[in-house]
Amino acid sequence: MKKLLLASAALALTAGGAFADDVKLGISLGFTGPLESMSPAMADGAELAMKEVSDSGKFMGGATVTGVRGDSTCIDSAAASATVEKLITADGVKGIVGGMCSGETTASLQNVAMPKGMVMISPSATSPALSTLDDNGLFFRTSPSDARQSDVMTDIIMEHGIKSVALTYTNNDYGKGLADSFAAAFEAKGGKITINAAHDDGKPDYSAEVAALAAAGGDALVIAGYVDQGGSGILRGALDTGAFETFVFPDGMVGSALETNFGAEVNGSFGQMPSSEGEGKEKFLELAKAAGFDGSGVYSAEAYDAAALIMLAMAAANSTDPSVYKEKVMDVANAPGEKILPGELGKALELIAEGKDVDYQGASSVELIGAGESAGTFREIEVKDGKIETVRYR
Amino acid sequence: MDLLNAFIAVLNYVIVPATAYGAQLALGALGVTLIYGILRFSNFAHGDTMAFGTALTILVTWAFQALGISFGPLPTALLALPFGILGTALFVLGTDRVVYRYYRTIRAAPIYITMVSVGVMFVMTGLTRFIIGVGEIKFDDGARFLITAREFKTLTGLAEPLAIRSTQAITLVAAGLVVWALFWFLAKTRTGKSMRAYADNEDLALLSGIDPNRVVMVTWIIAAALATIAGTLYGLDKSFKAFNYFQMLLPIFAAAIVGGLGNPLGAIAGGFVIAYSEVAVTYAWKKVAMYLIPGWEPESLLQLLSTEYKFAVSFAILIIVLLFKPTGLFKGKSV
Chain A
1 MKKLLLASAA LALTAGGAFA DDVKLGISLG FTGPLESMSP AMADGAELAM
51 KEVSDSGKFM GGATVTGVRG DSTCIDSAAA SATVEKLITA DGVKGIVGGM
101 CSGETTASLQ NVAMPKGMVM ISPSATSPAL STLDDNGLFF RTSPSDARQS
151 DVMTDIIMEH GIKSVALTYT NNDYGKGLAD SFAAAFEAKG GKITINAAHD
201 DGKPDYSAEV AALAAAGGDA LVIAGYVDQG GSGILRGALD TGAFETFVFP
251 DGMVGSALET NFGAEVNGSF GQMPSSEGEG KEKFLELAKA AGFDGSGVYS
301 AEAYDAAALI MLAMAAANST DPSVYKEKVM DVANAPGEKI LPGELGKALE
351 LIAEGKDVDY QGASSVELIG AGESAGTFRE IEVKDGKIET VRYR
Chain B
1 MDLLNAFIAV LNYVIVPATA YGAQLALGAL GVTLIYGILR FSNFAHGDTM
51 AFGTALTILV TWAFQALGIS FGPLPTALLA LPFGILGTAL FVLGTDRVVY
101 RYYRTIRAAP IYITMVSVGV MFVMTGLTRF IIGVGEIKFD DGARFLITAR
151 EFKTLTGLAE PLAIRSTQAI TLVAAGLVVW ALFWFLAKTR TGKSMRAYAD
201 NEDLALLSGI DPNRVVMVTW IIAAALATIA GTLYGLDKSF KAFNYFQMLL
251 PIFAAAIVGG LGNPLGAIAG GFVIAYSEVA VTYAWKKVAM YLIPGWEPES
301 LLQLLSTEYK FAVSFAILII VLLFKPTGLF KGKSV
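Protein sequence lines correspond, in order, to chains A and B.
Start counting the first sequence at 1; every next residue gets the next number (this note's numbering).
Start counting the second sequence at 1; every next residue gets the next number (this note's numbering).
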């Protein structure tokens, strides 16, 4: 009797292995920490893609996909590594959407994901350092590198006829990476950086930083910081003392707080942020609305795409083994093949099952270049009458 | 003309902001030093007392704004300040009753009471965030500038701008008034004298019939008033964010210790020393040098230290002062 029980239990287990089939994907984002307000919409985006694939019933012979959320904290590398470790060993995820911030992503990738051979697709880590990292082909991102943002920013500044700028950045991996790559790009085009100075977030007073920037001078001030952190302090000080009149805002500074706190004071200032437009984005917004969350949140579309890419690559490789399907990520993301928009994941799975190529466009016009990162489109903005207005996409 | 431009550049970017910041630090340090001198412990909850007081003041300010009461060109928050002080004073008296009194009656060593104040700090931190939230709040509704950078340029025709925010002027005037009132109170009134006596020698003061409970109560009320005023002035000048007040604790303590803990005059001097050293040592003198020596354009920024080190500067000063004068610039108590 006992043997029979054991045997049937073993049978049940193997049966579980063959059909069961619930594939788990990790979602490692900063649910607490400085970007905690952005994380929920991003996780919702990733889970929307998983639900779509599960509902289609065409994934790996009818398997479902569930997301497991983990807190990467955005700033604490040790906590992020522990989270990824737990996702892989305890939850048994087959791929990870994350991490969120550049420093934490690098740490958890190098310390945990690479030794364990796990694929990570980050929707929002933008540091240029991640492009050159030796990642065993395990790391991709659906957001563009800040090196690309630097080129775009350089072009925009040059088109405004500005040749010399002062530059300040928030003292972390994001700020430093963006500032350094921008300084290199701007100087390569013949521009002059009068000063490249860090500022720390959450300090009581920014007079010293503003004084140094003002003394260095320049036709405009580039603030590679956060609009709800030290970036605002610098901007306020520079405006009040009359140090600068034109400002350049990279993605971290373009937010609603810029309109409400500064408004018409920064008229004529300009900037850019990664953002896509077009059919894919609109479809994603509709789907998000139907699912009950705001799809226009920063990097929400990129998170949807990250999850979708993992699942399509799994389908194309016909395996949930990261070391196998990692080879397929670039194939499903890029041409040739039929273009796939949000809401068409079921169709994509059908095409893959028929042995046809797909070219995943998704919500953010995915096109992976180089070591597997988005080429990215940017929205050029300008402040007019106290409002952030879109000039064009580039 | 170039001499004038150089002077205006230093005035605009170093002297004006550092003076306002120094006054804010001085008011905070006064509260810390008062508690240290009379109640004999380092009150780590002072930064959060400032946040708490400012939060109450903001709530009253909003009520006034809703009722349509304003203070002309001055910020409404100044009208709301007495109510904020009252609420904060009641709160710290309650804290003293519930927490500190016990440790005082058992004559606990100062280090225990200091640790207790860390506990109080955490409670106040939570309470403040619970009442008003963690976000950034701007509550300055008066005229923003005495003179704006652009007005100054067209007025004088100089190349360098000079801007003076009205909140910077208010900070200085209010700080001056408060300091004057405090010194007058400590020097001239009977209660003030008994407080100084209690600070100098507790046992002797008790023997001469000074009521310790009264001294403690008045000290807490004054400390609460100083904290609320300092916090509100800082919030008006920059903006209110609960976390920033916690960050201010460090420079405030540095100011109090540099000046000499327990010495009110020292607290004021310390506040300005810290503020000026933060701004002036990291200032890039390139522009000023170009005005002063025509035809010379230096390659470097002529910056002694980059701005990341501004906190290092104030702490280097702190260490040097403690090495050579352990009681601080003005004679305070040794720590």
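The set of hints was computed from the structure by calculation and includes no laboratory data.
A hint or two may mislead.
[Claimed, not checked] With the Cβ distance kept under 8 Å, some of the chain B side facing chain A (calculated, not the full set):
no., residue
1, N12
2, R97
3, R107
4, R150
5, V279
6, E308
[What the hints assert, rightly or not] Computed list of lysine-lysine pairs in DSS-like fashion (alpha-carbon distance at most 30 Å, straight line):
no., chain 1, residue 1, chain 2, residue 2
7, B, K138, B, K153
8, A, K51, A, K94
9, A, K24, A, K387
10, A, K163, A, K192
11, A, K189, A, K203
12, A, K387, B, K331
13, A, K384, B, K138
14, A, K163, B, K138
15, A, K203, B, K325
16, B, K193, A, K203
17, A, K347, A, K283
18, A, K339, A, K328
19, B, K286, A, K163
20, B, K138, A, K192
21, B, K188, A, K384
22, B, K153, A, K176
23, A, K58, A, K356
24, A, K384, A, K24
25, B, K153, A, K387
26, A, K176, A, K384
27, A, K163, A, K356
28, A, K203, B, K188
29, B, K286, A, K192
30, A, K203, A, K24
31, A, K189, B, K153
32, A, K387, A, K356
Beta carbons: idealized from backbone N, C-alpha and C, even for Gly.
These are the hints, each one checked on the structure:
1. N12: Where the cut-off is 8 Å and the nearest Cβ of chain A is about 6 Å from N12/B, the hint holds.
2. R97: It is violated, given that the least Cβ distance between R97/B and chain A is near 31 Å, above 8 Å.
3. R107: violated (36 Å)
4. R150: R150/B check passes; min Cβ-Cβ to chain A is 7 Å, inside 8 Å.
5. V279: holds (5 Å)
6. E308: With a minimum Cβ separation of about 5 Å from chain A (threshold 8 Å), the hint on E308/B holds.
7. K138/B with K153/B: Cα-Cα ~28 Å, so holds.
8. K51/A with K94/A: holds (16 Å)
9. K24/A with K387/A: violated (43 Å)
10. K163/A with K192/A: holds (6 Å)
11. K189/A with K203/A: violated (34 Å)
12. K387/A with K331/B: violated (55 Å)
13. K384/A with K138/B: holds (23 Å)
14. K163/A with K138/B: Answer violated: K163/A to K138/B is near 35 Å, above 30 Å.
15. K203/A with K325/B: OK: K203/A and K325/B at ~29 Å, within 30 Å.
16. K193/B with K203/A: Violated, at about 38 Å.
17. K347/A with K283/A: Holds. K347/A to K283/A sits at ~15 Å (cutoff 30 Å).
18. K339/A with K328/A: holds (16 Å)
19. K286/B with K163/A: holds (19 Å)
20. K138/B with K192/A: Status violated; Cα separation ~36 Å.
21. K188/B with K384/A: Violated: K188/B and K384/A sit about 58 Å apart, past 30 Å.
22. K153/B with K176/A: violated (35 Å)
23. K58/A with K356/A: holds (15 Å)
24. K384/A with K24/A: violated (46 Å)
25. K153/B with K387/A: holds (27 Å)
26. K176/A with K384/A: Given that 30 Å is the threshold and the Cα spacing comes to 29 Å, the pair holds.
27. K163/A with K356/A: violated (50 Å)
28. K203/A with K188/B: Violated, because 39 Å separates the two Cα atoms, which is more than 30 Å.
29. K286/B with K192/A: Holds: K286/B and K192/A sit about 16 Å apart, inside 30 Å.
30. K203/A with K24/A: violated (41 Å)
31. K189/A with K153/B: Given pair K189/A, K153/B is violated - Cα atoms ~33 Å apart, limit 30 Å.
32. K387/A with K356/A: violated (46 Å)
Of the numbered hints given earlier, the model fails hints 2, 3, 9, 11, 12, 14, 16, 20, 21, 22, 24, 27, 28, 30, 31 and 32; all others are met.
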